[in-house]
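Listed below, chain by chain, are the residues.
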Amino acid sequence: MDTQQEPRKTFVVPIGPQHPALKEPGHFEITVDGEIVTAATVRLGYVHRGIEKGVEQQNWTQAMYMLERICGICSHVHATAYALGVEALAGVQAPPRAQAIRVLVAELERVHSHLLWLGVAAHEGGFDTLFMYSWRDREMIMDVLEGLTGNRVNYSCNVLGGVKFDVDDTQADAIRRAVDFLEPRTHHYLKVVTTDETLIGRTRNVGKMTSLEAETLGTVGPTARASGVPRDIRVDAPYAAYPDFPVKTITATAGDLEAKFVVRIQELFESYRVIREILDKLPAGDLAVRVKPRVPPGETVSRVEAPRGELFYFLKSAGGPNPDRVKVRTPSLCNWGSVLATAPGHKLADVPMLIAGIDPCFSCNDRLVTVRRRSTAETWTWARLRQYGIEYYR
Amino acid sequence: MNIELPPLVALLFFPGGLFLLSAGTVYEWADRKLVARFQNRIGPRWFQPVADVVKLLAKEEIVPDGVNPVLFHGLPVVALVGTLTAALYVPMAGIAPSYSFTGDLIVTLYLLSLMTLSMGLAGANTLDRFSLIGATRALTQLFSYEAPFLMALLGPAIAAGSWQISQVDAYAQGHWWLVLTQPVGFLVALVGLMGKLELPPFDSPEAETEIVAGPMTEYSGRGWALFRIGRDVELLVGLTLMAAFYLGGLANPIEFVLKTGGLLLVTAALQSLFCRLRIDQTVGMWWRIGILLALAQLFLLVFMR
Chain A
1 MDTQQEPRKT FVVPIGPQHP ALKEPGHFEI TVDGEIVTAA TVRLGYVHRG IEKGVEQQNW
61 TQAMYMLERI CGICSHVHAT AYALGVEALA GVQAPPRAQA IRVLVAELER VHSHLLWLGV
121 AAHEGGFDTL FMYSWRDREM IMDVLEGLTG NRVNYSCNVL GGVKFDVDDT QADAIRRAVD
181 FLEPRTHHYL KVVTTDETLI GRTRNVGKMT SLEAETLGTV GPTARASGVP RDIRVDAPYA
241 AYPDFPVKTI TATAGDLEAK FVVRIQELFE SYRVIREILD KLPAGDLAVR VKPRVPPGET
301 VSRVEAPRGE LFYFLKSAGG PNPDRVKVRT PSLCNWGSVL ATAPGHKLAD VPMLIAGIDP
361 CFSCNDRLVT VRRRSTAETW TWARLRQYGI EYYR
Chain B
395 MNIELPPLVA LLFFPGGLFL LSAGTVYEWA DRKLVARFQN RIGPRWFQPV ADVVKLLAKE
455 EIVPDGVNPV LFHGLPVVAL VGTLTAALYV PMAGIAPSYS FTGDLIVTLY LLSLMTLSMG
515 LAGANTLDRF SLIGATRALT QLFSYEAPFL MALLGPAIAA GSWQISQVDA YAQGHWWLVL
575 TQPVGFLVAL VGLMGKLELP PFDSPEAETE IVAGPMTEYS GRGWALFRIG RDVELLVGLT
635 LMAAFYLGGL ANPIEFVLKT GGLLLVTAAL QSLFCRLRID QTVGMWWRIG ILLALAQLFL
695 LVFMR
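Those protein sequence lines, which keep their order, are chains A and B.
Read left to right, the first sequence gives residues 1 to 394 (our numbering).
Read left to right, the second sequence gives residues 395 to 699 (our numbering).
By construction, these hints were calculated from the structure, which means they are not laboratory data.
Just so you know, not all the hints are guaranteed correct.
Which bits of chain A does chain B cover? Going by a derived footprint, with three or more residues having C-beta under 8 Å, they are [unchecked claim]:
1) 120-128
2) 341-354
List time: in silico DSS-like cross-link candidates among lysine-lysine, alpha-carbon distance up to 30 Å [claimed, not checked]:
3) K191/A <-> K248/A
4) K53/A <-> K449/B
5) K281/A <-> K164/A
6) K248/A <-> K208/A
7) K23/A <-> K427/B
8) K292/A <-> K316/A
9) K292/A <-> K53/A
10) K427/B <-> K191/A
11) K23/A <-> K453/B
12) K23/A <-> K208/A
13) K292/A <-> K327/A
14) K327/A <-> K164/A
Just so you know, even glycine gets a beta-carbon here, dropped at the ideal spot from N, CA and C.
So that you can see chain A by itself, here it is in the shape it has in the complex:
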C-alpha cells in the first residue's frame, strides 16, 4: 500500500491469508485509526481449485462427487443442486421418497452447519464456552449423519435420479432422539445469545444493515433474512420435497449481529420441525429412477437454499457423456459486500465477528476470472489452468 502520497499515514491491519481468526485463507486489509476501522478490503482466491473446469472432464455421475467436495460443510446441497439440474436436463424426476430423503439430509446438514457457525461466531467474540458447548451438541448430528450415510462430511447421499440409501425405523428413531436432545439445548442457546450481557455488548447494533442495504448489496440467506429481507429458495421456489414439507421463512428486523444469531438459531427449530415431519410422513416408493449416461443437450439453472443462502448452479449439456459447462455461485460470494460495507466505523475488535457473521466459506467461493477481449478470445485448457495455478504464487 502506498502511504507516501497521503497526508496522514494510514495504519493497515492485515487479517489473513494466515490468521488465527480465519479457518480458511482470505486476505482482509483493515485500515484503522486507533481502534476504529476506516476502510476494509478483501482479496480472495487463495484456495481456488479449478473444480468447475475439472468437472468438464468427468462424466455426469463422477462430476457430482467432485462438486460435492466444493464445500466440506454443506456438501449435500451442492450434490442436490447438481442432481436436480441434471434431472431437469434429462427430463426425469426423482421419486417422492428420494426427494424427501434429500430434504431430510439437507435439513440435518443445516442443523450441523448452523451449530458449527454458532460455535465459530462465539469463538471470534472470545466466548469459548459457548463454542465448546455448541460443538459438543453438534456431534449428535454428526453421529446421526454418519449412521445414516456412512460419512460425517461429504455424505454422497445423492445419485442422479434419486438417493443412495433408505431410512429405516431404527435410523428414524436415532434421528428423533438427536432432535429431541438438541431442541432444549437450542432453546438454551437462544436464551444465551439474547440475554447474556457480555455477548449482547458485542453483537447488538454491530454490523447493522437495513433491509434496503441488504437488498442493494445483494445478500442472501440468513444474512439477508436478519435484515428483514424474506429471501429463502425453500419458500420462494420450492424444490425437491419442499412443496410437500413447507418451511417458514425466519426473518428479523434489526439487521445486526444479534439478529444473525437469532435468525440462525430460530431456523434450527424450523429444521427440527421439518425433520420430524419428514420422518413421520416419509412417502413410500422407489429410491431412484434411471438416468441415461448421456444427457440431452440443453441448459438449465438449479437453485437450492444452502445453510448460508442461495446456491446457484448453471448446467449446460452438449449431449455428450460429460457436462459442457458447470457454473457454481456459492452464497458466501454474495455476502462479502455486506462485511466490507458495514465494517467502517466499527471497532477493530468487531471485525472478526463481522466476518464470521456471514458464515463465510472461502474455498467454496474462490474463482478464477479472466477478462478477455473479443479479439483474443481463447479457451483455457486444463493443463494451462493448472500451470497458471502453479505460477500464480511465484
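Given the coordinates of chain A, work out where chain B should sit on it, guided by the hints.
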C-alpha cells in the same frame, strides 16, 4: 507460620526461586484444567505447562528486524524478575514473608505492574502491527484497572492500620474474613487481578481472533518462555495477596493451598462465563463502575475508622 531460612535458600529455593517457578506452573495447570472442565473439555495433563516452558526454552529465539535487541531480550527478564521479587514480600506458601518493611505493599504492587509494563513495551518495541495494537491495548488496560485494584487492596491495609503486608496478614488472621466486611473491595480486587493477568474476559490485549497474540506476537523461544513463567508467578503472587488480605490471612501451607485454590476456582468460573470485552468496554467498566465502587469503599473505611 514463621520459619527462619538462610537468605540464599529463601531467594533461590524456597519460598523464592525454584519453588515459585514450579508452583507457578502448577497453578497455571490448575487454571487451564478448571477452565477446560467448565467448558466441557478434557484439559491439559499435569505436566503440560512445564513441558511447554522446557520446549520453549530449548527452541530458537527469533529476533525480528527493527527491534532494539537489548530491550527485546531484556524486557522478559525484567518482567520475570519483577514478579519473582514481588513474591518475596507476600506470605508465600503460608509462611511469613522473607523480607518485610513498612510500605512493602506499595512496592509489591509496583513490582507486579512491571509485568504488564514490560509486555506493553515489548509489543511497542517491535514493528509488528498486531504487537503495536496489542501493546496499546495492554497499556490502556493497565491504566484502567491499576487504580481501582490498588484502592481495593488498600481497604484491608487501612483496616489493619499498616501498609506492611505481613502486618495486614496478621490482622486478617485475627479478625473476621475481610471478604465479609469489605465484599466490594474483594470483588474489585478479584476482577482487577483478572485484568492484570489478562485472563478472559479481559484478554482483549491478546485477543487471538483479532491481533494474533497481541504484544507477544513476535516473541518465540526463551523470551516467550520467560514471559509465560512471569505470568504464572504473577498469578500465584496475586492469589496469595488476595487470600492473605481478604480470606482471613495465610497462617500455614494448608490454608494457603485451600484458600488460593478456592480463589482460582472462582476466577476460572469467571473466565468461562463471559464473552471477551472490547477494550473500550473494559475501560468503560473500570472507570464507570470499578473506580466508583473502590472509592466508595475507601471513603467508607476512612470515615468509619
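Now for the hints, and whether the structure bears them out:
| no. | hint | verdict |
| --- | --- | --- |
| 1 | 120-128 | holds (count 7) |
| 2 | 341-354 | holds (count 6) |
| 3 | K191/A <-> K248/A | holds, 21 Å |
| 4 | K53/A <-> K449/B | violated, 46 Å |
| 5 | K281/A <-> K164/A | holds, 19 Å |
| 6 | K248/A <-> K208/A | holds, 24 Å |
| 7 | K23/A <-> K427/B | holds, 25 Å |
| 8 | K292/A <-> K316/A | holds, 16 Å |
| 9 | K292/A <-> K53/A | holds, 23 Å |
| 10 | K427/B <-> K191/A | holds, 27 Å |
| 11 | K23/A <-> K453/B | holds, 27 Å |
| 12 | K23/A <-> K208/A | holds, 24 Å |
| 13 | K292/A <-> K327/A | holds, 22 Å |
| 14 | K327/A <-> K164/A | holds, 25 Å |
In summary, the one numbered hint that this structure violates is 4.
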